[in-house]
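Mind docking chain B on chain A? Use the hints.
There are 2 protein chains.
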Amino acid sequence: MSVADVGEFGLIDRVTARLGQGSACLLGPGDDAAVVSAPDARVVASTDVLVEGRHFRRDWSSALDVGHRAAAANLADVAAMGAVPTALLVALCLPAQVSPDWAEQLADGLGAEAAKVGASVVGGDMSASPTLTVAVTALGDLGGRAPVVRSGARPGDVVALAGRTGYAAAGYTVLSRGFRTPKLLVEAYRRPEVPYSAGPHAARLGATAMIDVSDGLLADLGHVAKASGVRVDVHRAAFEVPRQMRDAAQALGVDPYTWLLAGGDDHALAATFPPAVVLPAPWRPIGRVSAGAGVTVDGARYEGPAGWDHFR
Amino acid sequence: MSVADVGEFGLIDRVTARLGQGSACLLGPGDDAAVVSAPDARVVASTDVLVEGRHFRRDWSSALDVGHRAAAANLADVAAMGAVPTALLVALCLPAQVSPDWAEQLADGLGAEAAKVGASVVGGDMSASPTLTVAVTALGDLGGRAPVVRSGARPGDVVALAGRTGYAAAGYTVLSRGFRTPKLLVEAYRRPEVPYSAGPHAARLGATAMIDVSDGLLADLGHVAKASGVRVDVHRAAFEVPRQMRDAAQALGVDPYTWLLAGGDDHALAATFPPAVVLPAPWRPIGRVSAGAGVTVDGARYEGPAGWDHFR
Chain A
1 MSVADVGEFG LIDRVTARLG QGSACLLGPG DDAAVVSAPD ARVVASTDVL VEGRHFRRDW
61 SSALDVGHRA AAANLADVAA MGAVPTALLV ALCLPAQVSP DWAEQLADGL GAEAAKVGAS
121 VVGGDMSASP TLTVAVTALG DLGGRAPVVR SGARPGDVVA LAGRTGYAAA GYTVLSRGFR
181 TPKLLVEAYR RPEVPYSAGP HAARLGATAM IDVSDGLLAD LGHVAKASGV RVDVHRAAFE
241 VPRQMRDAAQ ALGVDPYTWL LAGGDDHALA ATFPPAVVLP APWRPIGRVS AGAGVTVDGA
301 RYEGPAGWDH FR
Chain B
1 MSVADVGEFG LIDRVTARLG QGSACLLGPG DDAAVVSAPD ARVVASTDVL VEGRHFRRDW
61 SSALDVGHRA AAANLADVAA MGAVPTALLV ALCLPAQVSP DWAEQLADGL GAEAAKVGAS
121 VVGGDMSASP TLTVAVTALG DLGGRAPVVR SGARPGDVVA LAGRTGYAAA GYTVLSRGFR
181 TPKLLVEAYR RPEVPYSAGP HAARLGATAM IDVSDGLLAD LGHVAKASGV RVDVHRAAFE
241 VPRQMRDAAQ ALGVDPYTWL LAGGDDHALA ATFPPAVVLP APWRPIGRVS AGAGVTVDGA
301 RYEGPAGWDH FR
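As they're listed, the protein sequences go chains A and B.
Position 158 (the first sequence) corresponds to 158 in UniProt numbering; numbering is contiguous.
Position 307 (the second sequence) corresponds to 307 in UniProt numbering; numbering is contiguous.
Because the hints were derived from the structure by calculation, they are not lab data.
All C-beta atoms in this analysis are idealised placements derived from N, C-alpha and C, irrespective of residue type, glycine included.
Simulated DEER-style distance windows between Cβ atoms: (1) A:Gly-292 - B:Arg-18: 26 to 36 Å; (2) A:Arg-154 - B:Lys-183: 54 to 64 Å; (3) B:Ala-112 - A:Asp-13: 28 to 38 Å; (4) A:Ala-41 - B:Arg-177: 46 to 56 Å; (5) A:Gly-7 - B:Trp-60: 19 to 29 Å; (6) A:Ser-2 - B:Gly-292: 32 to 42 Å; (7) A:Ser-2 - B:Ala-112: 31 to 41 Å; (8) B:Pro-275 - A:Arg-57: 52 to 62 Å; (9) A:Gly-144 - B:Arg-180: 48 to 58 Å; (10) B:Arg-243 - A:Gly-118: 50 to 60 Å; (11) A:Arg-243 - B:Trp-60: 56 to 66 Å; (12) B:Gly-292 - A:Gly-10: 22 to 32 Å.
Heads up, incomplete: computed chain A residues facing chain B, CB under 10 Å, no partners named: (13) Gly-30; (14) Ala-45; (15) Thr-47; (16) Thr-86; (17) Leu-92; (18) Ser-129; (19) Gly-140; (20) Ala-227.
Covered by chain B, according to a simulated footprint, are these stretches of chain A (three or more residues, beta-carbon under 8 Å): (21) 116–128; (22) 131–137.
Isolated chain A, as found in the complex (with noise of 0.2 Å):
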């Protein structure tokens, strides 16, 4: 059976019926709209979608992993202003021989996700399409916060990391070359697992700004050096390679330090602190912030590949 036999509503019903409602919820699926809950009287928004072919394969992803993919991929980016994510939308395309178990399972994955934060999916809409295309948007509430943004950094700032970087690109890599192990790199590409709540705790803590590490964390750290006209020195020291990931570089050949600072989809958070803040766990210091511009590792320009571009 395919989403064509059961048609547009018939796969709405299905989906929505598996869906949880988070607290935040006011009204979900099944009107023109949703409403969710803004506490703070400002709402945060963002926006990514993950593309077939490109952003996921479905012979290396479960449909329940990329659920929790595009999920963590969305939830992470608003977790990123230190906000706390309410809600999920999504727009779902799909090919017409799909199988709605498939839709079913991707709305699994979305819900469990976004469920990790008290958050859940409340309203989407679907349509067919040659290419299976998810798109996300994520609500959160900033609880009075100063939303942390990227333009922050300031000279003597402190640069920390929250979360695993080069995880996922270590398991992508594994699998391009036809691997499924170790399991740990493939898990951790197929569903990052993102310290949410490091987000609003950067903020209170004083972050001056913090970004979602998608691209790769030279890559995102380039961002916020641009944006807060600033240089990032990256310490090469802070990053222990693991085990796992040094025996997997060592079989495929691969510098893995070229996953750790260039690898994107872990969805760790990266944010810059005042010197004076003592950082607790999950954050652990990786770097300076100083005068001038650019990224660099150890005083030098890194040559490696930085990060990622959607249109190459």
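Here is chain B on its own, set in the frame of chain A:
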């Protein structure tokens, strides 16, 4: 030059440079997420996706047209809740060979349509994709009003319509038969004229249910009838066939009432009101709610096609 030549970040810079900002936009494009004012402490949110070949054709509609239509479809959903739209987020998937001009014109159309209600494009995402896809999320503010849902229609209520029906469907038929005129109909298909302010106005007048007419009047009133557990009867005499539509219908061998009653994409607003409410323009009565189920036309089951299923 193609979008692949300018790259993801180059294209994002070009597009965001063209976007004006509405008063509700507290932080616009360029960070991990936007921040939008939500003075009501609730936010209305809706997502609609347009897929090339299914919802639009580049030889029938300019990028500017597609921008207007994509924005209108979403802003109308927000208005149909009784809310005032505040912001749009846009996920744009583009084949790599598309010209950057196309994306810029699309952004202009989205921005111009949003500006009609004081809203703006506050964020988004872009990716390459084999299929040109525009997924838009609209946000809005209820200004202290209760949302007008689909489930509130009561027997005895008057059914009323604000805006046009049938024009976009007639324009679509005209284009699909290879014609480019009458301009009135073709333009209506390309850029719907949505009575946005009629939505919040209906909420203030005491509307019991409301819906945006996107699938077709009878299909959409069917959603209201089902959600409210009532029967909706539409009075055919309430619909005059405009001259240009009558001429086109005759020339193309179409019953114009198929367009008026079952044609979607004009994004009129349909609502139900208690019978004592005096309806000011643009609201006009078109039928009556009674006990029962389903939608009838002059008391009888309608035998034509009622609407549109996006998987069939």
